[in-house]
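There are 2 protein chains.
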Amino acid sequence: MTGGGPRYEPLEEAALTADLVLPPRKQRIDEVLRHRTRSLAVVLDRLEDSFNMAAVLRTSEALGVQDVHVIKNPDVGFKPNQRVTQGCDKWLDVHRHDSAAQARAALKAAGYRIAVSAVTPEAVSLFDLDFTPKTALVFGNERFGVSADVLAMADTVFWLPMHGFTRSLNISAAVSASLTRAVSWRKERLGVEGDLTPDELEALRARFLKLSLKQRGRLFGSNP
Amino acid sequence: MTGGGPRYEPLEEAALTADLVLPPRKQRIDEVLRHRTRSLAVVLDRLEDSFNMAAVLRTSEALGVQDVHVIKNPDVGFKPNQRVTQGCDKWLDVHRHDSAAQARAALKAAGYRIAVSAVTPEAVSLFDLDFTPKTALVFGNERFGVSADVLAMADTVFWLPMHGFTRSLNISAAVSASLTRAVSWRKERLGVEGDLTPDELEALRARFLKLSLKQRGRLFGSNP
Numbered sequence: 057m058t059g060g061g062p063r064y065e066p067l068e069e070a071a072l073t074a075d076l077v078l079p080p081r082k083q084r085i086d087e088v089l090r091h092r093t094r095s096l097a098v099v100l101d102r103l104e105d106s107f108n109m110a111a112v113l114r115t116s117e118a119l120g121v122q123d124v125h126v127i128k129n130p131d132v133g134f135k136p137n138q139r140v141t142q143g144c145d146k147w148l149d150v151h152r153h154d155s156a157a158q159a160r161a162a163l164k165a166a167g168y169r170i171a172v173s174a175v176t177p178e179a180v181s182l183f184d185l186d187f188t189p190k191t192a193l194v195f196g197n198e199r200f201g202v203s204a205d206v207l208a209m210a211d212t213v214f215w216l217p218m219h220g221f222t223r224s225l226n227i228s229a230a231v232s233a234s235l236t237r238a239v240s241w242r243k244e245r246l247g248v249e250g251d252l253t254p255d256e257l258e259a260l261r262a263r264f265l266k267l268s269l270k271q272r273g274r275l276f277g278s279n280p
Numbered sequence: 057m058t059g060g061g062p063r064y065e066p067l068e069e070a071a072l073t074a075d076l077v078l079p080p081r082k083q084r085i086d087e088v089l090r091h092r093t094r095s096l097a098v099v100l101d102r103l104e105d106s107f108n109m110a111a112v113l114r115t116s117e118a119l120g121v122q123d124v125h126v127i128k129n130p131d132v133g134f135k136p137n138q139r140v141t142q143g144c145d146k147w148l149d150v151h152r153h154d155s156a157a158q159a160r161a162a163l164k165a166a167g168y169r170i171a172v173s174a175v176t177p178e179a180v181s182l183f184d185l186d187f188t189p190k191t192a193l194v195f196g197n198e199r200f201g202v203s204a205d206v207l208a209m210a211d212t213v214f215w216l217p218m219h220g221f222t223r224s225l226n227i228s229a230a231v232s233a234s235l236t237r238a239v240s241w242r243k244e245r246l247g248v249e250g251d252l253t254p255d256e257l258e259a260l261r262a263r264f265l266k267l268s269l270k271q272r273g274r275l276f277g278s279n280p
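Chains as they are written, first to last, in the working numbering: chain C, 57 to 280; chain V, 57 to 280.
Simulated from the structure, these hints should not be mistaken for lab results. Check before you lean on any hint, since a few could be wrong.
[Unchecked claim] One side of the interface only, derived from the structure: several residues of chain C facing chain V at Cβ under 8 Å:
no., residue
1, 151
2, 153
3, 210
4, 212
5, 213
6, 215
7, 225
8, 237
[Said to hold, decoys possible] Cβ-Cβ distance ranges computed for the label pairs, FRET-style:
no., chain 1, residue 1, chain 2, residue 2, range
9, C, 158, V, 223, 15 to 21 Å
10, V, 175, C, 82, 29 to 35 Å
11, V, 166, C, 135, 40 to 46 Å
12, C, 244, V, 80, 25 to 31 Å
13, V, 178, C, 243, 19 to 25 Å
14, C, 204, V, 175, 29 to 35 Å
15, V, 245, C, 246, 17 to 23 Å
16, C, 135, V, 149, 45 to 51 Å
17, C, 154, V, 80, 39 to 45 Å
18, C, 158, V, 255, 30 to 36 Å
19, C, 146, V, 175, 19 to 25 Å
20, V, 246, C, 84, 37 to 43 Å
21, V, 245, C, 186, 42 to 48 Å
[Said to hold, decoys possible] Okay, derived cross-link-like pairs now, DSS-like style, lysine-lysine, Cα gap no bigger than 27 Å in a straight line:
no., chain 1, residue 1, chain 2, residue 2
22, V, 243, V, 270
23, V, 146, V, 266
24, V, 243, C, 243
25, C, 190, V, 82
26, V, 82, V, 243
27, V, 190, C, 243
28, C, 270, C, 82
29, V, 270, V, 135
30, V, 128, V, 243
Backbone N, C-alpha and C define an ideal beta-carbon position, used for all residues, glycine too.
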């Protein structure tokens, strides 16, 4: 467009999107971002149950953990039950890996200590873990636990102290217990909850705004 | 029997049973008892899903909580899925109540503070709860949360801080997070895990020995 009339500065796409999202939703996004962390990640080793996959995603998202890594089960696709996730997975980064080696490379590149949940003689209690370093918490298959190659990549092996006749928790209960401990430990000892860098915050904010707009489009039949 | 031959002192049934249980199993029973607590209890208000019922029982047993109270759902029986419980419920005291009033009376008679999980304006964070007093943690129906009469009987209302777009955890995840917090709080701040009285210990020990024997009978086809 040339000639008279008002000139519009080119708008950043994110800023444009932000204008179309309602204020309460924006506040919600900012609140979520303030509590979001990449200092903790969840890693799932070859799960097989779609309800468990979904429950773990939901717990991670609710507790503010942004990244979930999935080591693929060769026999079962990673298909979290959508009735259980209630769509929460769209707010997460779900990283899919073909092998333990690939997952390890990604986690190490991101600076994680790898803490594998397993009952071995050298395992330490969840309650003795220091969560000052960035930590990826790894949980194994429902029936077989973590695989040998995953155990071999552990920087730390931990277990959840259980003192009943029951010696194992359902994976969704185990992830919830572990993440709750880790998140509250970091808040109480380090005084931190959300800890994204300004760049990460900006990028996620733009993404969440877009997703909110899409969702609003679907809910109200508009497509702004 | 009169006359010659050895005389047998009448044996306590418990002592007799103890002699028939194998030493490793006895050690296990003693270890479980050492960590068993009645200072925490779980209360389930009208659950409807048999997998959730089962998962909660399993988590409670694994974490050393002896008592689970169930307020009956008028529409659905309390039938925990047995594939998930893996038989753990036989080691628990599951108390069934027809109404919130009945549950309240039982909990108060046993000296519990009633802490109800709900998102209300006055709810305090799970992480600010002091678990010095005996505490019953109450969790509500999967879809509707706790009922009004249960909320009315609360000494404390608490919530699990959630800072994602997801605002609720699956009940099995919520119970696991809450119990893990309560158990670890009591261990770290009060230095206690198991805290049964000598009488309670003795009674439970006798019961667990009997149950172990029954189990062995079933497993090996003997019926001593």
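Against the structure, the hints:
Restraint check, residue 151 of chain C versus chain V: the minimum CB separation of about 18 Å is more than 8 Å; hint violated. Interface hint at residue 153 of chain C: violated, since its Cβ lies 23 Å from the closest Cβ of chain V, which is beyond the 8 Å cut-off. For residue 210 of chain C, the shortest C-beta to C-beta distance to chain V is roughly 22 Å, which exceeds 8 Å, and the interface hint is violated. Against a cut-off of 8 Å between C-beta atoms, the interface hint on residue 212 of chain C is violated, since the closest Cβ of chain V lies about 18 Å away.
With a cut of 8 Å, the hint placing residue 213 of chain C at the interface with chain V is violated, because the nearest CB-to-CB distance is about 19 Å. Taking 8 Å as the C-beta contact cut-off toward chain V, the hint placing residue 215 of chain C at the interface is violated, the least distance being around 12 Å. Hint on residue 225 of chain C holds. Least Cβ distance to chain V is approximately 6 Å, under the 8 Å limit. For residue 237 of chain C, the interface hint holds, the least distance from its beta-carbon to any beta-carbon of chain V being 6 Å, beneath 8 Å.
Taken as a hint, the range 15 to 21 Å is violated for the pair residue 158 of chain C and residue 223 of chain V, whose Cβ atoms sit roughly 34 Å apart. Under the hint 29 to 35 Å, the C-beta atoms of residue 175 of chain V and residue 82 of chain C, about 22 Å apart, miss the expected range. In this structure the supplied range 40 to 46 Å holds for residue 166 of chain V paired with residue 135 of chain C, their Cβ-Cβ distance being about 45 Å. In this structure the supplied range 25 to 31 Å is violated for residue 244 of chain C paired with residue 80 of chain V, their Cβ-Cβ distance being about 39 Å.
At about 22 Å, the CB distance of residue 178 of chain V to residue 243 of chain C agrees with the hint of 19 to 25 Å. Between residue 204 of chain C and residue 175 of chain V the C-beta distance comes to about 43 Å, which lies outside the given range of 29 to 35 Å. Residue 245 of chain V and residue 246 of chain C have their C-beta atoms about 19 Å apart, which keeps the hinted 17 to 23 Å range intact. Distance hint check for residue 135 of chain C and residue 149 of chain V: the Cβ-Cβ separation is about 39 Å, which falls outside the suggested range of 45 to 51 Å.
Judged by the Cβ atoms, the range 39 to 45 Å given for residue 154 of chain C and residue 80 of chain V holds: they are separated by roughly 42 Å. Against the hinted window of 30 to 36 Å, the Cβ-Cβ separation of residue 158 of chain C and residue 255 of chain V comes to about 57 Å, which falls outside the hint. At roughly 23 Å, the beta-carbon separation of residue 146 of chain C and residue 175 of chain V lies within the given 19 to 25 Å, and the hint holds. For residue 246 of chain V and residue 84 of chain C, the hinted distance range of 37 to 43 Å is satisfied, since their beta carbons lie about 38 Å from each other.
In this structure the supplied range 42 to 48 Å is violated for residue 245 of chain V paired with residue 186 of chain C, their Cβ-Cβ distance being about 19 Å. A threshold of 27 Å between alpha carbons decides the hint, and for residue 243 of chain V with residue 270 of chain V the separation of about 33 Å lies outside it, so the pair is violated. Restraint check: the Cα-Cα separation between residue 146 of chain V and residue 266 of chain V comes to about 11 Å, which is no more than 27 Å; the hinted pair holds. Distance check on the hinted pair: residue 243 of chain V and residue 243 of chain C sit about 19 Å apart at the alpha-carbon level, within 27 Å; holds.
For the hint pairing residue 190 of chain C with residue 82 of chain V, the CA-to-CA distance comes to about 42 Å; that exceeds 27 Å, so the pair is violated. For a cut-off of 27 Å, the pair hint linking residue 82 of chain V to residue 243 of chain V stands: about 24 Å separates their Cα positions. Between residue 190 of chain V and residue 243 of chain C the alpha-carbon distance is near 26 Å, which keeps this suggested pair within the 27 Å criterion. The hinted pair formed by residue 270 of chain C and residue 82 of chain C meets the criterion: a straight-line CA distance of about 14 Å does not exceed 27 Å.
At roughly 22 Å between alpha-carbon atoms, residue 270 of chain V and residue 135 of chain V fall within 27 Å of each other, so this suggested pair holds. Restraint check: the Cα-Cα separation between residue 128 of chain V and residue 243 of chain V comes to about 32 Å, which exceeds 27 Å; the hinted pair is violated.
This entry does not satisfy hints 1, 2, 3, 4, 5, 6, 9, 10, 12, 14, 16, 18, 21, 22, 25 and 30, going by the numbered hints stated previously.
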